[in-house]
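Let the hints inform the model, and build the full structure from the sequences given.
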Amino acid sequence: DIQMTQSPSSLSASVGDRVTITCRASQGISNYLAWYQQKPGKVPKVLIYAASTLQSGVPSRFSGSGSGTDFTLTISSLQPEDVATYYCQRYNSAPFTFGPGTKVDIK
Amino acid sequence: EVQLVESGGGLVQPGESLRLSCAASGFTFSSYTMNWVRQAPGKGLEWVSYISSSSSTIYYADSVKGRFTISRDNAKNSLYLQMNSLRDEDTAVYYCARGCGGDCYGDFDYWGQGTLVTVSS
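Protein chains in written order, with the numbering used here: chain A, 3 to 109; chain B, 9 to 129.
No lab work stands behind these hints, which were simulated from the structure alone. All C-beta atoms in this analysis are idealised placements derived from N, C-alpha and C, irrespective of residue type, glycine included. Certain hints may be false.
Computed cross-link-like contacts, SDA-like style, restricted to lysine to any residue with a CA-CA straight-line distance of at most 25 Å [stated by the list, open to error]: (1) A:Lys-44 to B:Phe-35; (2) B:Lys-51 to A:Gly-103; (3) B:Lys-51 to A:Ser-14; (4) A:Lys-105 to B:Thr-99; (5) A:Lys-44 to B:Gly-114; (6) A:Lys-44 to B:Glu-97.
Which stretches of chain B does chain A cover? Using the computed rule of at least three CB atoms under 8 Å from a CB of chain A, they are [as the list claims (entries may be wrong)]: (7) 54 to 67; (8) 116 to 126.
Below, the structure is given as structure tokens:
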């Protein structure tokens, strides 16, 4: 099975900082990658699908890029409401594996 | 408005069974693939199972294969997960999540609130 890794596992940044999270697939998955945000105690919410397409209603400070095996999620200007754990997920074929998550908080 | 409402969770002993349900509304349920995803306490997300819109294609995570059965009733707009031979490590919040329209693979754009399954003696 294709494994998904994320780095870093956690980060602390200041409001207004640019934040980048990396997701890597152990084999190529084209652009079949989604990013989810899960705030503490809440249900996961899709931010990005097809590696770089912003889900409707998601703030434009979120962006995604990459193809094949290497992907990034960028928050251009971190806001207090962005405190959450972020997960990547591949969906090119089953099993639809999630990455281990990256916890983001405010410094 | 798309809504997914899970039910059926609870406390069971190891080896016992439980059936989860997910009631869907606000969209044409029969046109979408559906999934179950779980999250153990304090842990990350784990995809559990997928079912295509027509039930013709079904997948399971290795961790539940042979013990869990996914099904759907498009006439009742409902998704199910029959869980047998439950283990301590199956303790988690179980979410149903909508996939893509048609028989396809896609991201999960709507999620239910989840139902807690606790397996403990």
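- Message: What's the verdict on Lys-44 (chain A) and Glu-97 (chain B), does the C-alpha distance respect the 25 Å limit or exceed it?
- Response: 22 Å, holds
- Hey, Lys-44 (chain A) versus Phe-35 (chain B), does the alpha-carbon distance stay inside 25 Å? Judged against 25 Å, a Cα distance of about 23 Å means the pair holds.
- Query: Has the given pair, Lys-51 (chain B) with Gly-103 (chain A), been kept, meaning a C-alpha gap of at most 25 Å?
  - Reply: Satisfied, since the Cα-Cα distance of roughly 9 Å is no more than 25 Å.
- Verify the coverage statement for the region 54 to 67 of chain B against chain A, using a C-beta to C-beta distance below 8 Å and requiring 3 or more qualifying residues. holds (count 4)
- Holds or violated: Lys-51 (chain B) with Ser-14 (chain A), Cα cutoff 25 Å? OK: Lys-51 (chain B) and Ser-14 (chain A) at ~19 Å, within 25 Å.
- Message: Run the distance test for Lys-44 (chain A) versus Gly-114 (chain B): straight-line Cα separation, threshold 25 Å.
- Response: 22 Å, holds
- Item | Within 8 Å of chain A (C-beta), three or more residues of the region 116 to 126 of chain B | With 6 residues closer than 8 Å to chain A, the region 116 to 126 of chain B meets the three-residue bar; holds.
- Item | Satisfaction of hint between Thr-99 (chain B) and Lys-105 (chain A), Cα-Cα up to 25 Å | Judged against 25 Å, a Cα distance of about 22 Å means the pair holds.
In this structure, none of the earlier numbered hints is contradicted; all agree with it.
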